[in-house]
Amino acid sequence: MNKTSKGKTSKGLTRRTVLSGAAAVGLAGVARAQTPAEVKVGLIVPLSGIYTRPGQVMKMGAEMGIEHINAQGGIKALGGAKLKLVVIDCGDTTEKAKNAAQRMVAQEPDLVAATGAYLSSFTLAVTEVTERAELPVLTLSYSDLLTDRGFKYIFQTAATASRQSELGLPTLIKLAENASGKKPKTVAMLMDNTATSVATAKALKEKLFAQEGLQLVVEEVWTPPLSDATPLIQKVRSAKPDLLLFMPNAVSDAKLGLEKISEFGLGQGKIPTVSFSITIAEPDMLQSVSPETVQGIMTIVANWGSKGHEALIAELKAKYKEPWMTQNVISTYGDMWLMKEALEKAGKADRNSVAQAFRTLDAGPSKYYPGGQLKFDEKGRRVGAGVVIVQWQSGVPVTVYPPELAQSQPFWPKKS
Amino acid sequence: MLRMRSFLPPLLFTIAYAVVSLGVTNSYYQLILTLVPVWAVFGLSWNLLSGYTGLISFGHAAFFGIGAYATALGQIYFDISPWLLIPVAAMLGGIAGLLIGFPTFRLQGHYFALAMLAYPLAILYVFEWLGFQEVTLPIKRDAPIAYMQFADPRLYTLLGLAIMLATIVLTQVIERSRFGMALLAIKQNEAAAEAAGIDTLAWKLRAITLSGAIAAAIGGFYAQVLLVVTPASVFGMLVSAQALTVVMFGGVGTVWGPVIGSVILIPLAEILHAEAGARIPGIQGVIFGLAIVCVILLAPEGLFWKLRDLLRKRDVSKATVNDAPEATAAKVTTLKPGSQQRAATGEVVLEVRNLSRSFGGLKAVQDVSFKLHKNEILGIIGPNGAGKTTLFNLLNGFLKPNQGEVLIDGRNMSGQRPHTICEAGIGRTFQVMRPFLRMSILDNVVVGAYVRARSDGEARKLAADAVARVGLSAVADRVAGELSTKELRLMELARAIAGQPRILLLDETLAGLGHGEADEVVAVIQQLARDGMTIAIIEHTMQAMVRLVDRFLVLDHGAVITEGLPEVVTRDSRVIEAYLGKKWAGHAAN
Chain Z
1 MNKTSKGKTS KGLTRRTVLS GAAAVGLAGV ARAQTPAEVK VGLIVPLSGI YTRPGQVMKM
61 GAEMGIEHIN AQGGIKALGG AKLKLVVIDC GDTTEKAKNA AQRMVAQEPD LVAATGAYLS
121 SFTLAVTEVT ERAELPVLTL SYSDLLTDRG FKYIFQTAAT ASRQSELGLP TLIKLAENAS
181 GKKPKTVAML MDNTATSVAT AKALKEKLFA QEGLQLVVEE VWTPPLSDAT PLIQKVRSAK
241 PDLLLFMPNA VSDAKLGLEK ISEFGLGQGK IPTVSFSITI AEPDMLQSVS PETVQGIMTI
301 VANWGSKGHE ALIAELKAKY KEPWMTQNVI STYGDMWLMK EALEKAGKAD RNSVAQAFRT
361 LDAGPSKYYP GGQLKFDEKG RRVGAGVVIV QWQSGVPVTV YPPELAQSQP FWPKKS
Chain P
1 MLRMRSFLPP LLFTIAYAVV SLGVTNSYYQ LILTLVPVWA VFGLSWNLLS GYTGLISFGH
61 AAFFGIGAYA TALGQIYFDI SPWLLIPVAA MLGGIAGLLI GFPTFRLQGH YFALAMLAYP
121 LAILYVFEWL GFQEVTLPIK RDAPIAYMQF ADPRLYTLLG LAIMLATIVL TQVIERSRFG
181 MALLAIKQNE AAAEAAGIDT LAWKLRAITL SGAIAAAIGG FYAQVLLVVT PASVFGMLVS
241 AQALTVVMFG GVGTVWGPVI GSVILIPLAE ILHAEAGARI PGIQGVIFGL AIVCVILLAP
301 EGLFWKLRDL LRKRDVSKAT VNDAPEATAA KVTTLKPGSQ QRAATGEVVL EVRNLSRSFG
361 GLKAVQDVSF KLHKNEILGI IGPNGAGKTT LFNLLNGFLK PNQGEVLIDG RNMSGQRPHT
421 ICEAGIGRTF QVMRPFLRMS ILDNVVVGAY VRARSDGEAR KLAADAVARV GLSAVADRVA
481 GELSTKELRL MELARAIAGQ PRILLLDETL AGLGHGEADE VVAVIQQLAR DGMTIAIIEH
541 TMQAMVRLVD RFLVLDHGAV ITEGLPEVVT RDSRVIEAYL GKKWAGHAAN
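First to last, the sequence lines map onto chains Z and P.
Each residue of the first sequence is one higher than the last, beginning at 1 in the numbering used here.
Each residue of the second sequence is one higher than the last, beginning at 1 in the numbering used here.
Because the hints were derived from the structure by calculation, they are not lab data.
Given the structure is predicted, the values throughout are model-derived calculations rather than measurements.
A virtual CB, placed ideally from N, CA and C, is assigned to each residue, including glycine.
Some clues are possibly wrong.
As the list claims (entries may be wrong) - No more than 25 Å apart at the CA atoms, straight line, and that leaves these computed lysine-lysine pairs for DSS-like:
#1 K307(Z) <-> K317(Z)
#2 K379(Z) <-> K319(Z)
#3 K140(P) <-> K152(Z)
#4 K182(Z) <-> K240(Z)
#5 K140(P) <-> K379(Z)
#6 K40(Z) <-> K367(Z)
Claimed, not checked - Some, not all, of what chain Z presents toward chain P, calculated at C-beta under 7 Å:
#7 L47
#8 T94
#9 A106
#10 P109
#11 D110
#12 L145
#13 N193
#14 T223
#15 S227
#16 D228
#17 T230
#18 P283
#19 K375
#20 S394
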């Protein structure tokens, strides 16, 4: 009651102001009174501490998404309401992420959806809070655990870690067979012990190596930061595997390993090297290693700027000086469109309706995520989520698989 | 009564905090209100070990993390309620404390701190290796209360407060007991504590066990609040640092320090994160760090002590007018020459047989034998470097002899730990004074009394007696740091006699005293001897010694040159030669 009466007085005031001549202000007031002027969506990512960089990149993607949606008329089902991005720094620890999520749900009660939080540990903590607050969260984190908790308000757009290795490895082997004429037989695996690497390695060792007829000849695990890669690479050199899986999650670790590979004369495809995260294809890599060192290295990732995203990539380059589009940008950009889709379907700027819309969404093939549909299963995993294989070619990591997204032909490094 | 009154402030504080938190409905502020008691309790647990004993632990995250993982994994794998798991976590933390403490207490100072740093880091890797990189607590939609999963976040705060109140009360009880006294004594001076009859290792182990148990319990509760456990979030460097930060900021060695630190720092960090961090990401860390640096520079021992010192100064300046006329040593009887009233009996209470100790090539004490008779005063003299203090260190157990025996009442005690020898009836003072500067005179002396006293009350009574015997009753409540050298010497004497020893070893008790002051102290020693104490004293001031002692033992180069009555020894040419050189020995002969 109180609220409506207040609304009336303010409207009355506006009319008087219009009469008194401040037309522009008055018109804006009228417009606000008629439609929900904006719908708030959240971006909760690390913007301080050691994970700042990926957080910033995700922010770029979100900003571009919001800008494009609003420029194309906003949410039509809500009378052209504009999206507004609320950015929250989730810091660099699990506790900070949890606190930030609590702050997000407490201080921004009219958020309808959010996306985040880069590292899967942070996403885990954030979604513990949002689940209880019934706020739907999209995430590009791909830990299986995220959607194994029976939560109803988390939607994972990327293929889970175990699914990625399931999808990626056979493709990779096929690629090797086509390009070099023979199937790899032996494999070496060098990995750090972060959650994603461990999950990937588990799937590889328990199932996929046997399935692909690969024999694991070297397995070494390190705890980041890697201080010296010599003993690791020495083992690889003496074992001479057909394939090297190198799985760092920090740019500095990737650099140390690749330099050592190069130093031992195993680079440039002497031993074909494959990774499982975007770390090895981050723009930061070129600040510390030469394009020759990374030439030919492949990585299996959940998403990448690909064929069909040329305009976006060009805009990203022009606006933010990013040389290429990583998973963090394209997925977060896509999340904004996905939120729009859900809002159109829900027809209401209300978090529970939006969550329900995500659950029942069936919006056809996805434009900004590889493979599958814009549709979630009962766990909140995107149906048919695929992977992208990216290869360093002349100083740029380009998409080489799947064919419909490939920007370039893959080449299999020739073993001499 | 006194006891109950001291529990009142924490109780009132807790109630006030609870009332405030019940009025907060914003779930974010509520979470911060929950985290304050969590970190306060963690700070208190750190304080219990490091604040009171002075052994800085950089690795309290080890206990915290064990508690958090025990609580999380117990729920995941065994479906046990956290109401049960948190006590279990406390037990595990206590065991971990014992296991970590036993080897690590062999180290001291920085070495201890650095060794402690290693434990959480090592355990962190173990948990990563076990595959527990990310553990989430299963959500219990059907029985939330049974699994400590409250819909109302205020319940977490209340629970956290309950744990905090319990920890505060426990800390206060410890602070005032023999336990707390022992820890404080260890902090101020571990060697003196040992010599005063405190089994320092046993007390330190008790402290780390209890500290580990509290840290693990609150770690378990923290897991329940955070819902996600990762090795970095419970074993990480930042966790250990958090304990240090809140305590150093609030005040070390007091129950209020961690509470003050936590109440200020935790919300401050969050506000900075929410307000400043939103504008310039990362700036929150800079401001937070600078704020801590400033406070540490201005109040190195923490806010609590700074405030208390300020308040004290005001009180003292008011009270000085009344204080001045009270003469400190009013009760001490004036010096009477000679000690003929006493009759040294023939009974041997301490016998030293062929005692030797060398440091590398230096034979500090070689083949020393002598007997100390009941109720006599034996003066041990000799030039600098003659091995007098080393001899005392061998007698009271600071050093182990290479060979020889020390018989106390006919029992061989050589090689025993100092506190055991203290229990057997030997008290000592030090050449370099070792007072517990932060403690009052009476408390300093109480530390020495525990070796005989069965209860806290008895210890206080023994201490008060001892203080009276040395004539310091009038200033018994002053802090040791404010005393003059003479008063400190007397206080050390009181501490040594509070444990009711039969034999007293006095190491240069008159050093650094003016003429009149020395006489006062000598009078006290004579009175002790009249009361039946057997005394061995090292001293340079010949004048005082000749009047004081019954017999001399003269050492040079670690060996006994001679022993006998004062008038005989002072004329002995070997003694004069040792002190003054050959030339003067010739003069003396004439």
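Check: Do the numbers back the hint for D228(Z), that is, is its least Cβ distance to chain P under 7 Å?
Finding: violated, 17 Å
Notebook entry, point to check: CA of K379(Z) to CA of K319(Z), is that 25 Å or under?
Noted result: violated, 37 Å
Notebook entry, point to check: Given T94(Z) as an interface hint, is the shortest Cβ-Cβ distance to chain P below 7 Å?
Noted result: holds, 4 Å
Notebook entry, point to check: Is the hinted pair K140(P) and K152(Z) satisfied, with a Cα-Cα distance of at most 25 Å?
Noted result: holds, 14 Å
Check: Does the CB of A106(Z) sit less than 7 Å away from some CB of chain P?
Finding: holds, 4 Å
Notebook entry, point to check: Is it true that the CA of K40(Z) sits at most 25 Å from the CA of K367(Z)?
Noted result: holds, 23 Å
Note to self: Does the closest beta carbon of chain P sit nearer than 7 Å to the beta carbon of T230(Z)?
What the structure shows: At about 21 Å, which exceeds the 7 Å cut-off, the nearest Cβ of chain P leaves the hint on T230(Z) violated.
Margin query: So, as I understand it, the hint says L145(Z) touches chain P; can you test that by seeing if any CB pair is closer than 7 Å?
Written below: Holds: closest Cβ of chain P sits about 6 Å from L145(Z), inside 7 Å.
Notebook entry, point to check: Given the proposed pairing of K140(P) with K379(Z), does the C-alpha separation stay at or below 25 Å?
Noted result: holds, 17 Å
Next item on the list: Answer holds if the nearest beta-carbon of chain P is closer than 7 Å to that of P109(Z); otherwise answer violated.
Entry: Constraint on P109(Z) not satisfied, violated at 10 Å.
Margin query: What's the verdict on K182(Z) and K240(Z), does the C-alpha distance respect the 25 Å limit or exceed it?
Written below: holds, 16 Å
Next item on the list: Answer holds if the nearest beta-carbon of chain P is closer than 7 Å to that of L47(Z); otherwise answer violated.
Entry: holds, 4 Å
The structure is inconsistent with the numbered hints 2, 10, 11, 15, 16, 17, 18, 19 and 20, although it conforms to all the rest.
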